[in-house]
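Number of protein chains: 2
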Amino acid sequence: MTILDGKILADLVQQRVQQEVEELKIRTGKVPGLTVVIAGNDPASQIYVRGKNKTAEKLGIESRVLELDASVSSSELLDTISRLNMDGDVHGILVQMPLPDHLDEWEILDHIDPAKDVDRFHPVNLGMLTLQRTDIYPCTPAGILETLDHYKIDLSGTHAVVLGRSFIVGKPMAAMLTNRNATVTLCHSRTRDLPSILKQADIIVAAIGKPGFVTADMVKDGVVLVDVGINRLDKKEDVLALCDESQIKKFEKKGYGITGDIHKETFAKSSYYTPVPGGIGAMTVAMLMQNTLRLFKKQLHLD
Amino acid sequence: MTILDGKILADLVQQRVQQEVEELKIRTGKVPGLTVVIAGNDPASQIYVRGKNKTAEKLGIESRVLELDASVSSSELLDTISRLNMDGDVHGILVQMPLPDHLDEWEILDHIDPAKDVDRFHPVNLGMLTLQRTDIYPCTPAGILETLDHYKIDLSGTHAVVLGRSFIVGKPMAAMLTNRNATVTLCHSRTRDLPSILKQADIIVAAIGKPGFVTADMVKDGVVLVDVGINRLDKKEDVLALCDESQIKKFEKKGYGITGDIHKETFAKSSYYTPVPGGIGAMTVAMLMQNTLRLFKKQLHLD
Numbered sequence: 035m036t037i038l039d040g041k042i043l044a045d046l047v048q049q050r051v052q053q054e055v056e057e058l059k060i061r062t063g064k065v066p067g068l069t070v071v072i073a074g075n076d077p078a079s080q081i082y083v084r085g086k087n088k089t090a091e092k093l094g095i096e097s098r099v100l101e102l103d104a105s106v107s108s109s110e111l112l113d114t115i116s117r118l119n120m121d122g123d124v125h126g127i128l129v130q131m132p133l134p135d136h137l138d139e140w141e142i143l144d145h146i147d148p149a150k151d152v153d154r155f156h157p158v159n160l161g162m163l164t165l166q167r168t169d170i171y172p173c174t175p176a177g178i179l180e181t182l183d184h185y186k187i188d189l190s191g192t193h194a195v196v197l198g199r200s201f202i203v204g205k206p207m208a209a210m211l212t213n214r215n216a217t218v219t220l221c222h223s224r225t226r227d228l229p230s231i232l233k234q235a236d237i238i239v240a241a242i243g244k245p246g247f248v249t250a251d252m253v254k255d256g257v258v259l260v261d262v263g264i265n266r267l268d269k270k271e272d273v274l275a276l277c278d279e280s281q282i283k284k285f286e287k288k289g290y291g292i293t294g295d296i297h298k299e300t301f302a303k304s305s306y307y308t309p310v311p312g313g314i315g316a317m318t319v320a321m322l323m324q325n326t327l328r329l330f331k332k333q334l335h336l337d
Numbered sequence: 035m036t037i038l039d040g041k042i043l044a045d046l047v048q049q050r051v052q053q054e055v056e057e058l059k060i061r062t063g064k065v066p067g068l069t070v071v072i073a074g075n076d077p078a079s080q081i082y083v084r085g086k087n088k089t090a091e092k093l094g095i096e097s098r099v100l101e102l103d104a105s106v107s108s109s110e111l112l113d114t115i116s117r118l119n120m121d122g123d124v125h126g127i128l129v130q131m132p133l134p135d136h137l138d139e140w141e142i143l144d145h146i147d148p149a150k151d152v153d154r155f156h157p158v159n160l161g162m163l164t165l166q167r168t169d170i171y172p173c174t175p176a177g178i179l180e181t182l183d184h185y186k187i188d189l190s191g192t193h194a195v196v197l198g199r200s201f202i203v204g205k206p207m208a209a210m211l212t213n214r215n216a217t218v219t220l221c222h223s224r225t226r227d228l229p230s231i232l233k234q235a236d237i238i239v240a241a242i243g244k245p246g247f248v249t250a251d252m253v254k255d256g257v258v259l260v261d262v263g264i265n266r267l268d269k270k271e272d273v274l275a276l277c278d279e280s281q282i283k284k285f286e287k288k289g290y291g292i293t294g295d296i297h298k299e300t301f302a303k304s305s306y307y308t309p310v311p312g313g314i315g316a317m318t319v320a321m322l323m324q325n326t327l328r329l330f331k332k333q334l335h336l337d
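Heads up: the protein sequence lines correspond to chains A and B, in order. In terms of the numbering used here, the first sequence opens at residue 35 and continues consecutively. In terms of the numbering used here, the second sequence opens at residue 35 and continues consecutively.
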């Protein structure tokens with residue numbers, strides 16, 4: 035049972051991005067530009083955005099954060115995006131979700147120039163992904179594929195079970211695994227007899243937000259476990275039952291612990307697994323940086 | 035075991051389309067316009083195109099066929115599509131595949147205005163389909179869903195196995211079934227131990243072009259069988275082994291018979307099945323007509 039270490043790999047990816055950004059700066063005099071648009075004061079979103087901004091700057095990416103008021107109108111936000119679409123120094127645009135309730139998320143996301151759509155949530159980019167016509171993927175499934183590839187886990191012919199059908203993880207992940215010649219079963223809340231489907235899986239990607247949902251009795255020996263869940267637990271009994279040692283210690287200090295969708299006792303049966311935290315979550319920001327670099331290269335015809 | 039009769043249902047759909055076209059003509063003075071572009075002299079394509087054209091005219095759809103020389107250049111074909119994109123009387127544009135070898139299919143298909151893309155092969159439309167943001171689907175999977183719905187086959191919670199991952203059938207079908215709350219396994223040439231996966235299926239959609247591939251021992255009792263394969267057999271022993279009575283008779287006259295991807299002896303185990311011919315194939319042109327009507331209504335803001 036090998037830990038798929040997202041922190042180490044994220045560092046590697048970021049070093050690679052940083053190096054290429056430097057080389058391209060010398061060659062072209064330009065650097066990738068990433069603008070993150072945030073509307074409102076959701077504290078979790080602000081933490082994420084600050085993290086992204088800091089990482090981008092560390093790697094030499096020109097990073098901007100546009101903070102808009104929670105009351106921003108749809109047309110103001112669309113105008114902001116239009117300006118970013120036309121700005122030659124901006125190569126990646128990210129609108130932080132969730133948006134305030136009065137805004138239509140899809141209206142906003144659809145308005146981002148697909149060539150600058152760094153989150154890859156625009157429908158044309160999801161279509162291109164399904165058609166295997168792009169190598170730029172939404173950050174979370176991109177991080178998963180990068181991890182599996184880094185550890186040389188052969189996907190072709192495997193049976194992969196994806197738990198959760200969100201457009202952020204489950205749907206693009208299923209399409210990407212199909213394109214890598216896995217046989218994919220996409221499961222969700224309506225799936226009947228999930229344990230018997232999970233039991234067949236060579237690879238499980240769990241992205242449902244249910245702490246400790248996948249238990250040891252549901253999986254076969256040697257399974258590869260990819261855990262996308264990031265669940266915060268505040269009750270001591272839950273933390274003791276579901277979190278690993280590091281998070282139990284954290285609970286003593288901070289009053290909460292983090293765990294994934296896969297029960298910690300399940301890992302013993304796996305050949306490889308991603309821990310939570312320190313697994314896929316750690317990769318996501320690194321993939322955002324890689325996406326920004328790739329969009330920059332495409333826009334400047336450098337690849 | 036009930037036959038899902040594609041001919042009867044296609045007639046129903048076409049009557050419904052015809053009636054609505056008439057009503058909308060009275061209301062708006064306009065009728066849906068469909069233009070089919072064909073390049074070269076592929077005999078099978080010419081038969082398809084003529085069939086589509088004839089059906090469209092019967093339903094009151096203004097149908098045009100643009101026949102281009104096999105040597106048409108990419109830029110000429112793109113110009114043709116640009117003109118159709120701008121033509122207010124054209125609501126649906128279909129470029130008949132396959133194109134001559136020197137043309138890049140995706141370059142051509144990407145150029146069709148997504149709002150007029152009646153085949154729904156444009157990546158933005160595939161993305162919208164995956165995101166459950168459109169009710170206009172590629173014709174073959176649209177015909178399958180229409181058939182299952184017409185016969186009130188409940189999809190929610192079923193395990194559907196889709197055989198074949200083409201962008202024309204398998205991929206959109208898988209996404210559509212997921213969106214209808216089925217648990218979908220998408221299988222293909224690299225799938226290992228396919229029989230054990232098929233054996234679990236409540237619904238099988240076979241779209242691989244291998245005559246009689248799915249045999250009775252691979253499926254469970256009561257399965258719903260949807261056969262997309264249209265395979266032409268020229269050898270008597272194959273026709274006798276794989277085709278039904280009507281096609282065996284046809285072979286005596288015409289020297290060939292048609293069969294699907296599902297072996298004829300498999301149907302006895304099913305609760306419902308689509309025959310070949312007379313099943314899904316018969317529905318495809320009807321769905322093209324329905325798509326043309328729906329695009330027309332959207333463009334005229336009639337829905």
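Everything labelled a hint here was simulated from the structure, so no lab data went into it. Be careful, since some hints might not be right.
In silico DSS-like pairs for lysine-lysine, Cα to Cα no more than 30 angstroms straight-line [what the hints assert, rightly or not]:
hint : chain 1 : residue 1 : chain 2 : residue 2
1    : B       : Lys-254   : A       : Lys-233
2    : B       : Lys-233   : B       : Lys-244
3    : B       : Lys-233   : A       : Lys-233
Label-pair distances were calculated between CB atoms; the ranges are [as the list claims (entries may be wrong)]:
hint : chain 1 : residue 1 : chain 2 : residue 2 : range
4    : B       : Gln-166   : A       : Ser-230   : 33 to 41 angstroms
5    : A       : Gly-85    : B       : Asp-169   : 35 to 43 angstroms
6    : A       : Asp-135   : B       : Asp-251   : 50 to 58 angstroms
7    : A       : Asp-169   : B       : His-136   : 40 to 48 angstroms
8    : A       : Pro-134   : B       : Ser-190   : 31 to 39 angstroms
9    : A       : His-136   : B       : Ile-60    : 38 to 46 angstroms
10   : B       : Ser-190   : A       : Asp-188   : 28 to 36 angstroms
11   : B       : Thr-36    : A       : Arg-226   : 17 to 25 angstroms
12   : B       : Gly-256   : A       : Ser-223   : 18 to 26 angstroms
13   : A       : Gly-256   : B       : Lys-287   : 53 to 61 angstroms
14   : A       : Ser-108   : B       : Ser-190   : 33 to 41 angstroms
15   : B       : Lys-244   : A       : Leu-274   : 53 to 61 angstroms
16   : B       : Thr-249   : A       : Ile-282   : 14 to 22 angstroms
17   : A       : Pro-134   : B       : Thr-36    : 44 to 52 angstroms
Computed, partial: chain B to chain A, Cβ under 8 angstroms [stated by the list, open to error]:
hint : residue
18   : His-136
19   : Thr-212
20   : His-297
21   : Phe-301
Every residue gets a Cβ at the ideal spot worked out from N, C-alpha and C, and that includes glycine.
Status of each hint after checking the structure:
Simply put, Lys-254 (chain B) and Lys-233 (chain A) have alpha-carbon atoms about 20 angstroms apart, close enough for the 30 angstroms limit, and the pair holds. For the given pair, Lys-233 (chain B) sits about 18 angstroms from Lys-244 (chain B) by alpha-carbon distance, which is consistent with the 30 angstroms threshold. Using a Cα cut-off of 30 angstroms, the hinted pair Lys-233 (chain B) and Lys-233 (chain A) holds, with the two alpha carbons roughly 16 angstroms apart. In this structure, Gln-166 (chain B) and Ser-230 (chain A) break the distance hint of 33 to 41 angstroms, their C-beta atoms being roughly 27 angstroms apart.
Take Gly-85 (chain A) and Asp-169 (chain B): their Cβ atoms lie about 39 angstroms apart, and the range 35 to 43 angstroms holds. Between Asp-135 (chain A) and Asp-251 (chain B), the C-beta spacing of about 54 angstroms keeps the proposed range 50 to 58 angstroms intact. Distance hint for Asp-169 (chain A) and His-136 (chain B): a CB-CB separation of about 26 angstroms, inconsistent with the stated range 40 to 48 angstroms. Range check, Pro-134 (chain A) to Ser-190 (chain B): about 33 angstroms between beta-carbon atoms, so the 31 to 39 angstroms window is met.
Checking the proposed 38 to 46 angstroms range against His-136 (chain A) and Ile-60 (chain B) shows it holds: the Cβ atoms sit about 40 angstroms from each other. A hinted range of 28 to 36 angstroms holds for the C-beta pair Ser-190 (chain B) and Asp-188 (chain A), which are about 34 angstroms apart. Checking the proposed 17 to 25 angstroms range against Thr-36 (chain B) and Arg-226 (chain A) shows it holds: the Cβ atoms sit about 23 angstroms from each other. The supplied range of 18 to 26 angstroms is met by Gly-256 (chain B) and Ser-223 (chain A), whose beta-carbon atoms lie about 24 angstroms from each other.
Between Gly-256 (chain A) and Lys-287 (chain B) the C-beta distance comes to about 56 angstroms, which sits within the given range of 53 to 61 angstroms. Checked against the hint of 33 to 41 angstroms, the pair Ser-108 (chain A) and Ser-190 (chain B) passes, with Cβ atoms roughly 34 angstroms apart. Evaluation of the 53 to 61 angstroms hint for Lys-244 (chain B) and Leu-274 (chain A) yields a pass: the beta carbon distance comes to about 54 angstroms. Between Thr-249 (chain B) and Ile-282 (chain A), the C-beta spacing of about 54 angstroms breaks the proposed range 14 to 22 angstroms.
The hint said 44 to 52 angstroms for the Cβ distance between Pro-134 (chain A) and Thr-36 (chain B), and at roughly 51 angstroms that hint holds. Here the hint on His-136 (chain B) is broken, as its CB sits about 20 angstroms from the closest CB of chain A, past 8 angstroms. The closest approach between the C-beta of Thr-212 (chain B) and any C-beta of chain A is roughly 5 angstroms, which is under the 8 angstroms cut-off, so the hint is satisfied. Checking His-297 (chain B) against chain A: minimum C-beta separation of about 22 angstroms lies over 8 angstroms; hint violated.
For Phe-301 (chain B), the interface hint is violated, since its Cβ never comes within 8 angstroms of a Cβ in chain A; the closest pair sits about 25 angstroms apart.
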